[in-house]
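Line by line, the protein sequences give chains H and Z.
As numbered in our numbering, residues 225 to 489 make up the first sequence, in order.
As numbered in our numbering, residues 225 to 489 make up the second sequence, in order.
Please keep in mind that the hints were generated in silico from the structure rather than gathered at the bench.
One or more hints might be untrue.
Because identical chains share one entry, a pair is satisfied inside a single copy or across any pair of copies.
[To be verified] Below, a list of computed lysine to aspartate or glutamate pairs in the EDC-like style, where the Cα atoms sit at most 20 Å apart:
| no. | residue 1 | residue 2 |
| --- | --- | --- |
| 1 | K264 | D466 |
| 2 | K324 | D466 |
| 3 | K324 | E260 |
| 4 | K264 | E331 |
| 5 | K324 | D438 |
| 6 | K324 | D442 |
| 7 | K324 | D398 |
| 8 | K264 | E345 |
| 9 | K264 | D472 |
| 10 | K324 | D363 |
| 11 | K324 | D472 |
| 12 | K324 | E289 |
| 13 | K264 | E402 |
| 14 | K324 | D302 |
| 15 | K264 | E482 |
| 16 | K264 | D442 |
Number of protein chains: 2
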Amino acid sequence: MTVRQLTLPELVGVCGQLDVGLVGLWREPVQEYGVEATAKLVRDAGLTVTTLCRGGFLTATDPAERARALADNRRAVDEAATLGTDVLVLVSGGLPAGSKDLHGARERIADALAELGPYAERHGVKLAIEPLHPMYAADRCVVSTLTQALDLAERFPAHQVGVTVDTYHIWWDDRAPEQIARAGAQGRIHTFQLADWTTPLPEGVLNGRGQIGDGSIDMRAWQSCVEAAGYTGPIEVELFNDGLWARDGREVLAETAERFVRHTL
Amino acid sequence: MTVRQLTLPELVGVCGQLDVGLVGLWREPVQEYGVEATAKLVRDAGLTVTTLCRGGFLTATDPAERARALADNRRAVDEAATLGTDVLVLVSGGLPAGSKDLHGARERIADALAELGPYAERHGVKLAIEPLHPMYAADRCVVSTLTQALDLAERFPAHQVGVTVDTYHIWWDDRAPEQIARAGAQGRIHTFQLADWTTPLPEGVLNGRGQIGDGSIDMRAWQSCVEAAGYTGPIEVELFNDGLWARDGREVLAETAERFVRHTL
Chain H
225 MTVRQLTLPE
235 LVGVCGQLDV
245 GLVGLWREPV
255 QEYGVEATAK
265 LVRDAGLTVT
275 TLCRGGFLTA
285 TDPAERARAL
295 ADNRRAVDEA
305 ATLGTDVLVL
315 VSGGLPAGSK
325 DLHGARERIA
335 DALAELGPYA
345 ERHGVKLAIE
355 PLHPMYAADR
365 CVVSTLTQAL
375 DLAERFPAHQ
385 VGVTVDTYHI
395 WWDDRAPEQI
405 ARAGAQGRIH
415 TFQLADWTTP
425 LPEGVLNGRG
435 QIGDGSIDMR
445 AWQSCVEAAG
455 YTGPIEVELF
465 NDGLWARDGR
475 EVLAETAERF
485 VRHTL
Chain Z
225 MTVRQLTLPE
235 LVGVCGQLDV
245 GLVGLWREPV
255 QEYGVEATAK
265 LVRDAGLTVT
275 TLCRGGFLTA
285 TDPAERARAL
295 ADNRRAVDEA
305 ATLGTDVLVL
315 VSGGLPAGSK
325 DLHGARERIA
335 DALAELGPYA
345 ERHGVKLAIE
355 PLHPMYAADR
365 CVVSTLTQAL
375 DLAERFPAHQ
385 VGVTVDTYHI
395 WWDDRAPEQI
405 ARAGAQGRIH
415 TFQLADWTTP
425 LPEGVLNGRG
435 QIGDGSIDMR
445 AWQSCVEAAG
455 YTGPIEVELF
465 NDGLWARDGR
475 EVLAETAERF
485 VRHTL
């Protein structure tokens, strides 16, 4: 998504030129290109898919909507397995229209995970609950902290349900380091993502994830914390940013790779 | 600030018409009208000033900037005392330019409170640290949760330093109810403010505080929580909202009073 202006074949080509060997994919472009075709494309290029984003949106109260969400998440698991990644990132969903019940919404996520966890396990996929910044609590994700994400994940085996650690969402939280340790001790850090915090936030606050190094987040400190917790997996850079999307995708990917090297250990 | 389109004399007049007997004031319009003149205006009208907003911005590292901030906060204490309110709300300040050190910034607030707390006490004023929503952590307030605010406040006597509980900033936080109980047990809830959470957030996320009842926050639940913690003080409605500011101020105040009655206990 950092370079969504590139088609999948372009992305794969640029990754090859820049010596980037791992890539996180989003469902929409994969579905558009075809899941099997994407799997072949990345496999032929020797690229490894780190994660698939995203399943989730599990907070509906309406039974039909809920059934559709569960079916869609099972499809997302299938897609992840086809792409050869063992991690499906989950964005849990916001409050249903008119609801003010955050606790109830969080419990419905747990109910859904009880159904999806075993299904994912059978397909060799782990679910990674991503706590989103509290500014998304109403309309996108009622799971706002690593503490909440782990409280949910701990009801299930770690090889079924873990968490996504994303600097953009947790950097303000002085409790996050101890929660990263908690997640690591349980083997529940299923992926680690970077984005920087830049202000002012744009309207709707969706596409303001800053390029690494442009903002307020100490990337090395968070990387140290995650690695001290035992995480040895890939580190993803995930930027939604209208400014970056308006530029040449190859240039943005090169810049991102350079920033990654400069601001990580 | 909810009706900043009104001059202070207009505000006082409309409060009288609507039978509103308490009002929270902001420093800028008070300074413009004159502190003594404002004190006389509200006193003559029989209005009680609940709080003065706001001091704070105590995170600077530059010594001269820091000295200016402390002097300004002493002035804010003086203004509060002159207006006859015993509560000065503090917005702590964001990260200095280029800094990524949230912990250091929070410690500088503690250092400043050690100087300001005794000064405020001598003037009969209590400081109320306001945790702001984590979306303001970089540019406005490094104190993002009630837990953090109380961790700071507890270093000082409760009659010097307490907290502001504002629904807009804490509604997403499942740890907030226990922290309200903690604050109440210590006599540190120095004011309680309402605003609703509406989306999409506007650019810059400053002026999106929703009218009571328009958003995702269960006002009665938070009011119950604060009152169960022993709080018996006034409840303020503080809305920064471009839409409300564009309307007739008297109409907005009447609407706000009606919403308050409808959505509180």
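Checked hints:
Proximity of K264 to D466 under the C-alpha cut-off of 20 Å is found in neither arrangement, the shortest distances being 30 Å within a copy and 51 Å between copies. Taking the closest pair of Cα atoms, K324 and D466 never come within 20 Å of each other, the shortest separation being 31 Å inside a single copy and 24 Å across copies. Neither within a single protomer nor between protomers do K324 and E260 lie at most 20 Å apart by alpha-carbon distance, with minima of 41 Å and 43 Å respectively. Proximity of K264 and E331 under a CA criterion of 20 Å is satisfied in neither setting, with 38 Å inside one chain copy and 53 Å between copies.
In this assembly of identical chains, K324 and D438 lie within 20 Å of each other by CA distance solely across copies; the values are 11 Å between and 35 Å within a copy. For the homomeric pair K324 and D442, the shortest alpha-carbon distance between copies (6 Å) is at most 20 Å, but the shortest distance inside one copy (34 Å) is not. In this assembly of identical chains, the alpha carbons of K324 and D398 lie at most 20 Å apart only when taken from different copies (13 Å versus 27 Å within one copy). Taking CA atoms no more than 20 Å apart as the test, K264 paired with E345 passes in neither setting, with 23 Å inside one copy and 71 Å between copies.
Taking CA atoms no more than 20 Å apart as the test, K264 paired with D472 passes in neither setting, with 26 Å inside one copy and 62 Å between copies. With identical chains, the CA atoms of K324 and D363 are at most 20 Å apart within one copy only, with a shortest distance of 11 Å there and 28 Å across copies. In the homo-oligomer, the alpha carbons of K324 and D472 never lie at most 20 Å apart, since the shortest distance is 42 Å inside one protomer and 29 Å across protomers. Taking identical chains as interchangeable, the C-alpha atoms of K324 and E289 lie at most 20 Å apart only when both belong to the same chain, with a minimum of 19 Å there against 42 Å between chains.
In the homo-oligomer, the alpha carbons of K264 and E402 never lie at most 20 Å apart, since the shortest distance is 40 Å inside one protomer and 52 Å across protomers. Taking the closest pair of Cα atoms, K324 and D302 never come within 20 Å of each other, the shortest separation being 33 Å inside a single copy and 40 Å across copies. Proximity of K264 and E482 under a CA criterion of 20 Å is satisfied in neither setting, with 28 Å inside one chain copy and 62 Å between copies. Taking CA atoms no more than 20 Å apart as the test, K264 paired with D442 passes in neither setting, with 37 Å inside one copy and 50 Å between copies.
Figure legend: structure checked against the earlier numbered hints; hints not met, in rising order: 1, 2, 3, 4, 8, 9, 11, 13, 14, 15, 16.
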